[in-house]
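Which chain is which? The protein sequence lines are A and B, in order.
For the first sequence, this note's numbering assigns the number 1 to the initial residue and increments by one for each residue that follows.
For the second sequence, this note's numbering assigns the number 310 to the initial residue and increments by one for each residue that follows.
If you are wondering where the hints come from, they were derived from the structure by calculation, not from laboratory data.
Be careful, since some hints might not be right.
Residues of chain B clear of chain A, computed beta-carbon distances all greater than 10 Å [what the hints assert, rightly or not]:
no.	residue
1	Pro-329
2	Asn-411
3	Gly-423
4	Leu-439
5	Gly-518
6	Val-529
7	Pro-531
8	Leu-594
9	Arg-604
10	Glu-613
Now the stretches of chain B that chain A is said to cover, found in silico as 3 or more residues with beta-carbon under 8 Å [unchecked claim]:
no.	stretch
11	495–504
12	533–543
13	555–567
Taking CB as the label site, the calculated pair distances span [claimed, not checked]:
no.	chain 1	residue 1	chain 2	residue 2	range
14	B	Gly-506	A	Glu-100	49 to 57 Å
15	B	Glu-536	A	Thr-255	20 to 28 Å
16	A	Glu-113	B	Thr-564	25 to 33 Å
17	A	Ala-116	B	Pro-565	35 to 43 Å
18	A	Thr-255	B	Gly-526	52 to 60 Å
19	A	Gly-22	B	Gly-423	56 to 64 Å
20	B	Glu-536	A	Leu-101	33 to 41 Å
21	A	Glu-113	B	Thr-523	51 to 59 Å
22	A	Pro-56	B	Ala-504	26 to 34 Å
23	A	Arg-140	B	Glu-618	39 to 47 Å
Just so you know, even glycine gets a beta-carbon here, dropped at the ideal spot from N, CA and C.
Protein chains: 2
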Amino acid sequence: MTASSILVVGSVAYDDVETPFGKVEHVLGGSTSYFTAAASLYAPVRVVSVIGSDMPLSTFDFLRERGVDLRGLQVAEGKTFRWGGRYDYDLNATDTLFTELNVYAGFHPDLPEGYADSDFIFCANIHPVLQQEVLQQCRRPRLSMMDTMNLWIETERKALVETMGMVDMVSLNESEARMFAGTSSVVTAARRILALGPKAVLLKKGENGAVMFTETGFFVAPAYPLEEVRDPTGAGDSFAGGFMGYLAQHHGEITPSVLHRAMIHGCAVASFTVEEFSLDRLRRLTRAEVEQRYRDFRRFTHFEGEFVE
Amino acid sequence: MTASSILVVGSVAYDDVETPFGKVEHVLGGSTSYFTAAASLYAPVRVVSVIGSDMPLSTFDFLRERGVDLRGLQVAEGKTFRWGGRYDYDLNATDTLFTELNVYAGFHPDLPEGYADSDFIFCANIHPVLQQEVLQQCRRPRLSMMDTMNLWIETERKALVETMGMVDMVSLNESEARMFAGTSSVVTAARRILALGPKAVLLKKGENGAVMFTETGFFVAPAYPLEEVRDPTGAGDSFAGGFMGYLAQHHGEITPSVLHRAMIHGCAVASFTVEEFSLDRLRRLTRAEVEQRYRDFRRFTHFEGEFVE
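Using the sequences provided together with the hints, build the complete structure.
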């Protein structure tokens, strides 16, 4: 039995990143790259994105080797989307230095033959109207999830709220959830997003892991305590990739218990991403390594014994 | 079989606290008050501290009712220790507005008859030399733990390092651990503290829970996701109280598994503390309520199933 298919739409970028541990320029980045590198460890991934003529197609050889379908990757005349960011010692706070949309400016997602039947859909943090264009083209996915960012919360709230009503799950950073809901309480923020339609909200907390809220409860997945976090870029998208990758690989109903396990997969994969710059660690990451860390998570989160013992 | 005894030494204070949810003045505070209110839900607690003649002894009636031994509470002519703090919407960051040592200035811990045989010892965040005075008076405790704060890290580093070498466990805030070890990595910081002698380091992470590091591994306990955190004051000391209270109540060897369970008790108790100002919630907290939340922790942290399923 093969895994179900995953469709991802979002950005592929050239990143400049500076952290207290080093500096890289013009390296592969973008939400779609991170998501795909993570999810393709589990299931077949179909990519919808755009790159400029300055990015060689061989960039994606490592993804092709993992069976990724790149027919939806448009190549446009011009320069690839670029992003520059800096992190201080508090690696939870990103300081965006520049954003050059370039070929992304005129991008509209076109789904190649067969993509519309994908079982799982991840709309990375692109403009909410583009997310809607993707969702409207898709037929009956088993699960759809969208991510978003502060820019759309500030400038495209109406469209964002509409998109939230079209998906099964919303993922966003804790600080973005607070901003969106205008409250310091993440529990209240999650409730307000759930009221817009999605069945679950995934709050990403950086080096403090992630929390999932549903109508009936919540689940907390910590981040893997690492000696060194070299570059937090892409942690959230790799988390989403591991999360959805596991769901696509899983056969059977998506119960709360399956979603909890998927969160641990997400945290396990993301813990590798941040160990090196760009996608360097994800490129050579193996399932056996993720499996080892998955087991570690059980060891350091589960406690035995009753209240009195 | 009765629970083992706990000795706590630290401050009793009048606090002024301001948070986005309200403001209180001249309310009961201090590390010892919070610790004792939490630990006394589990085991007999002996208190060593000092108050001024402005604090009525009836203040502690609710602790006496829980069997707390207050013979070590000195009453000195003058004003009780006072602390004023403010929290912004980011309730993890405390802004200390004032500290008035008052009767605390000349305080030295004197252990009444019998206290020196206590099984468990908690030195709250007082001057490291005072902590040493307590530890030197005690005979063979089963487990000793010290807390500390940024002030001593900055001004009394030598004494602090000595005290760390005298205890079984060190608890401190994540940011203080980073400051102490001069690194952004909490894993590295914990390793450096372990190298000074203690067998375990408890890093408190505010609304992100706590992590324990030992030579052989770590355990992560998240905070209970709360709709509203009204006042984070005392969360760390109530955590320590629930943690040590459970250990004192537990019969048998203190294994890693027992320590993990104790951390969940600490997080469960602390989650109540922050729901109201001062010790208001702790005053009327029952074991049944803590037990319910302990069960909740298992539900929202444990995941079932293997890597591939």
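Hint check:
no. : hint                              : result
1   : Pro-329                           : 7 Å, violated
2   : Asn-411                           : 33 Å, holds
3   : Gly-423                           : 26 Å, holds
4   : Leu-439                           : 32 Å, holds
5   : Gly-518                           : 8 Å, violated
6   : Val-529                           : 4 Å, violated
7   : Pro-531                           : 4 Å, violated
8   : Leu-594                           : 14 Å, holds
9   : Arg-604                           : 7 Å, violated
10  : Glu-613                           : 5 Å, violated
11  : 495–504                           : holds (count 3)
12  : 533–543                           : holds (count 5)
13  : 555–567                           : holds (count 4)
14  : B:Gly-506 x A:Glu-100: 49 to 57 Å : 53 Å, holds
15  : B:Glu-536 x A:Thr-255: 20 to 28 Å : 26 Å, holds
16  : A:Glu-113 x B:Thr-564: 25 to 33 Å : 59 Å, violated
17  : A:Ala-116 x B:Pro-565: 35 to 43 Å : 51 Å, violated
18  : A:Thr-255 x B:Gly-526: 52 to 60 Å : 30 Å, violated
19  : A:Gly-22 x B:Gly-423: 56 to 64 Å  : 58 Å, holds
20  : B:Glu-536 x A:Leu-101: 33 to 41 Å : 39 Å, holds
21  : A:Glu-113 x B:Thr-523: 51 to 59 Å : 56 Å, holds
22  : A:Pro-56 x B:Ala-504: 26 to 34 Å  : 48 Å, violated
23  : A:Arg-140 x B:Glu-618: 39 to 47 Å : 24 Å, violated
The earlier numbered hints that this structure contradicts are 1, 5, 6, 7, 9, 10, 16, 17, 18, 22, 23.
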